[in-house]
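Novice: Which chain is which? The protein sequence lines are A and B, in order.
If you count the first sequence from 1, position 190 lands on 190 in this note's numbering, and the numbers rise without skipping.
If you count the second sequence from 1, position 61 lands on 1061 in this note's numbering, and the numbers rise without skipping.
It should be emphasised that the hints constitute simulated quantities derived from the structure, not laboratory data.
It cannot be assumed that every hint is accurate.
[To be verified] In silico negatives: residues of chain A with every beta carbon more than 10 Å from chain B:
id, residue
1, Asp117
2, Glu127
3, Leu482
[Unchecked claim] Output of the computed footprint for chain A on chain B, the stretches with three or more beta carbons under 8 Å from beta carbons of chain A:
id, segment
4, 1115-1122
5, 1128-1139
6, 1338-1346
Here the structure is a predicted model, which means the values were calculated and not measured.
Using N, Cα and C, we set each Cβ at its ideal position, and we do this for glycine too.
Here is how the chains run, residue by residue.
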Amino acid sequence: MSEQVGIITWINGPVVRARGSRHVSMLELVEVGEERLVGEVIGLDGDIITAQVYEETSGMRTGAPIFGTGLPLSVELGPGLLKSIFDGVQRPLPLIEMQSGSFIGRGMRLDPLYRKDRWRFTPRCKEGDSVIGGQIFGVVMETETFEHHIMVPPDLSGTLTWVVEEGEYTIEEPIARLKVGKEEKELTMLQRWPVRRYRPYKSRLGSTTPLITGQRILDTFFPVAKGGAAGIPGPFGSGKTVTQHSIAKWADAEVIVYIGCGERGNEMTEVLQEFPHLVDPRSGRPLMERTVLIANTSNMPVAAREASIYTGITIAEYYRDMGYHVALMADSTSRWAEALREVSGRLEEMPVEEGYPAYLAGRLAEFYERAGYVETVNGDYGSVSIVGAVSPPGGDFSEPVTQHTKRFIRCFWALDKSLASARHFPAIHWLDSYSEYLEDVAGWWREKVGVDWLRMRNHAMEILSEEARLSQIVKLVGPDALPDEERLILETARLLREGFLQQNAMDTVDAYSSVEKQIKMLDLILHFHERALRVVKRRAPVSVIHNLPVVDTLIRMKSAVSNEEQEKLDEIRKQIDEQMSQLDSEYR
Amino acid sequence: MSSVIVQSGQEVLGVRSIAGPIMIVEGAANVSYDEVVEIRDAQGRMRLGRVLEVGEKVCVVQVFAGSTGLSIDGTSVRFLGDTLRIPVAEEMLGRVFGGLGNPVDGGPQPLTDTYADVNGAPINPTARVYPRDYIQTGISAIDGLNTLLRGQKLPIFSGAGMPHDQLAAQIVRQATLGAEVGKQGTQSEQFAVVFAAMGVKHDVADFFRRSFTESGALTRVAMFLNLADDPPVERLVTPRAALTLAEYLAYECQMHVLVILTDMTNYCEALRQISNIRGEVPSRKGYPGYLYSDLAAMYERTGRISTSEGSITQIPILTMPSDDITHPVPDLTGYITEGQITLGRDLDQKGIYPPIAVLPSLSRLMKDGIGKGRTREDHSHWGAQLYAAYAHMQDVRALASVIGEEELGEVDQKYLQFGRAFEREFVNQALTENRTIEQTLDIGWRLLSMLPKEELTRVTLDEIKRYHKGEDGSS
Chain A
1 MSEQVGIITW INGPVVRARG SRHVSMLELV EVGEERLVGE VIGLDGDIIT AQVYEETSGM
61 RTGAPIFGTG LPLSVELGPG LLKSIFDGVQ RPLPLIEMQS GSFIGRGMRL DPLYRKDRWR
121 FTPRCKEGDS VIGGQIFGVV METETFEHHI MVPPDLSGTL TWVVEEGEYT IEEPIARLKV
181 GKEEKELTML QRWPVRRYRP YKSRLGSTTP LITGQRILDT FFPVAKGGAA GIPGPFGSGK
241 TVTQHSIAKW ADAEVIVYIG CGERGNEMTE VLQEFPHLVD PRSGRPLMER TVLIANTSNM
301 PVAAREASIY TGITIAEYYR DMGYHVALMA DSTSRWAEAL REVSGRLEEM PVEEGYPAYL
361 AGRLAEFYER AGYVETVNGD YGSVSIVGAV SPPGGDFSEP VTQHTKRFIR CFWALDKSLA
421 SARHFPAIHW LDSYSEYLED VAGWWREKVG VDWLRMRNHA MEILSEEARL SQIVKLVGPD
481 ALPDEERLIL ETARLLREGF LQQNAMDTVD AYSSVEKQIK MLDLILHFHE RALRVVKRRA
541 PVSVIHNLPV VDTLIRMKSA VSNEEQEKLD EIRKQIDEQM SQLDSEYR
Chain B
1001 MSSVIVQSGQ EVLGVRSIAG PIMIVEGAAN VSYDEVVEIR DAQGRMRLGR VLEVGEKVCV
1061 VQVFAGSTGL SIDGTSVRFL GDTLRIPVAE EMLGRVFGGL GNPVDGGPQP LTDTYADVNG
1121 APINPTARVY PRDYIQTGIS AIDGLNTLLR GQKLPIFSGA GMPHDQLAAQ IVRQATLGAE
1181 VGKQGTQSEQ FAVVFAAMGV KHDVADFFRR SFTESGALTR VAMFLNLADD PPVERLVTPR
1241 AALTLAEYLA YECQMHVLVI LTDMTNYCEA LRQISNIRGE VPSRKGYPGY LYSDLAAMYE
1301 RTGRISTSEG SITQIPILTM PSDDITHPVP DLTGYITEGQ ITLGRDLDQK GIYPPIAVLP
1361 SLSRLMKDGI GKGRTREDHS HWGAQLYAAY AHMQDVRALA SVIGEEELGE VDQKYLQFGR
1421 AFEREFVNQA LTENRTIEQT LDIGWRLLSM LPKEELTRVT LDEIKRYHKG EDGSS
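Starting from the given sequences, assemble the full structure and let the hints guide the process.
Specialist: Written as structure tokens, this is what we have:
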């Protein structure tokens, strides 16, 4: 399939140049050197071919051959993606381990999807049906509960001349024939798609449904819509990865694609060992069954790190086209940007800011724009939501990756070092974060939970920002100088921070809050504030309120009351009323 | 272009240019990337180098020992056709090696057939075993609040003049596999220490050697020394050589290996120097854009794998230039490692040893190595509570410095007392003091008991009932 197209003349880390054919095309997949390492053409100049190599090039020689494949870098799509773990160019890591042991060897060429598995295929179309690209013509149960839709490849349409009977087939066996013009093509469950091209859909829609994550600060304060894009920037140790893991565990998406891009090996191992044992509350199945992992850890070759993002998003789009809601986590986009920078530097391109190439913003935009809520060609609705972590050097958000990312996302979850130091987790700072989806999803809350969520949320935000202003004064003169009404603001803000915003990802009860629980908790704290305000206006000192037993109850309710026993929260409301009425009568 | 198969050992006479430790060599065909070369100067003295970039008949060579004494015409370069490999063997424990892995203690070359590439290979994430066993270091601020696990990489962020060496030596002396409170630990497992020095002073290397000798561990230690007056370029190989031996000991000989790398800042400076001479586009503070990947290639050589009982635990030490944690070296390190032990100048000045600044320190893996069955069931909440209380105390302390301590409310005054006691009694301990995990937890509870019970919202009511000392801290 591949033929020699040139001879290597120059090697510098992951970038090689070769002299040879003028028929190689940009972004074509090439095999480099005698070991046939996988690479991709990134520049052509006369008969000089420049390629980036997805494996370590130590020991490669000038004079060695380079082979062309005539194909762009593509991913394999089909049943068997779920539960898998791949490297940045979709090589299955468990198979690599079987072949080369605990350390990743070089020049290994392995099929991403296992060829010998047989899948039960049920046709949905019959002979003579005319179908268009992307149309579903059969289904396969990929896990016990997940229905994998087999679609006509997006760039083909025509008439089906033959469809197999229901039965078990491998992904390479023909299951249908499609007449396209005069040509007849065989369709299999296995299909390929070039990673750098987005997959087509009928139309793009605005989204009014939030992606529920069970994380109170995200769902209640800074929601992201399904099909939206969110960024989590934060210095090291502020909890980017823990937040990403929490979303991957609890988000109400049908498929999760988790890209570990230039991060720690142990973190991927943690996901691999933990997810099979966690149960998805919606399907009752292990979380791993809805997850695809892409692991290109920081010590794996840098060019493959660049590719990993595209590999992940293409798989996400594939499931979206079946009519599913997909959430994609990319941890961390900064490492991906650094991979771009490294390759750019080796090509001696003129850098702009901090050594990054001028096309950084363009690449980020291309990536985040592949998020979206769409109507598929089948008339179904599917979405890809992107949550990208950003690792700004020194925690300084003015650096290029954070700044450019902000242009292409609509939801910004800013992690804060000082909150993390005080072990306030998730360390998302409420004053630095924003979501532009608030108005979009307000209708959903009204319908689903039946309350004016946005008004409550804004009221709570008001208290928190007032607290920030007041604490400036407190820092100068101490809390005693404030009038009691303002001290009550500090007290309620503390309840919001410790009782609501803080959420312990390791606590079995607290790790996931249903929206109903979230809104009830918020309502309780606001109700407390309202009643307390009345008491304070009657000249009761704030210390009396601080010492009410219900304050401790409010702070502990997040882990004391599970999602299933929310009547306990109504109980707490009664306690508030009782204790406040008591004060009402004491201060007349 | 010739298609002749390269003869390893081709020799080229004369070089085109020399700048600092970088040479450009012409006339060699089919050179391979990252290949090792032997360089002979006009006087016949040999030194080693490595190919950094290859082009048609031209290649860029980095000379490990520096280019002093090399001339354009008199120099000959021999291409060895292979990447840099060092011998690895169990008998290397107890020995001292130079920055490139060559023996410098007067002993012979290690007798072995096993040679390993110093660059190593990435561990497959599916082959890793997630670290879960904690190491008891006997130091409260580490065991209690930043627990170190076997297979973790936990750097010490320090500054010039602070006792990071003493701390590292104390960890080496006291480290044992931790056991749950009330159970006996096991002592019998095989352990080894691999120590790599990059650009540190002779005194520092001597200090460690003495410390290893005193604790009787010297026969279990392999030292790789590139000292301050050794060629800086060699520093780029030193940690890699050390980790290559560590991998052999951990994954082939099933040992538990503790690797100490000091000082990573010097390593990064050497990398910057090479990058600068080659005219690469710098990113921050002149460091090359690939500093992250380069550091990761070393730090990630830590952990446990499913085919071996052994483990590699890394404690890199780095001095932050002017104590700046946002400097690229600590910053990128923190993004790769699983937490950091940060030393604080203010604690050091107060005479507190070890001066571990608790708030900016972190152990990411701690959550998986503590709790019921590992340390004690209250450990996690206990730690969160100590952190929260100490963080609040910092605010109170700032306020007290403005309005005066007497003006503080009653509760805040208690926080101030708590903070002082925390630093003096919990963080502070003697160089030889080896606390059990139970002692550490007890001290913590004693300190927490100085605060009113209502303030302890991170621990459960049950835990308060069981461990809170004294009647009621509140008035």
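Novice: Hints first: check each against the structure and report whether it holds.
Specialist: Structure-based check of each hint:
1. Asp117: holds (18 Å)
2. Glu127: holds (43 Å)
3. Leu482: holds (12 Å)
4. 1115-1122: holds (count 5)
5. 1128-1139: Three-residue rule met by the segment 1128-1139 of chain B, so holds; n is 4.
6. 1338-1346: holds (count 3)
In this structure, none of the earlier numbered hints is contradicted; all agree with it.
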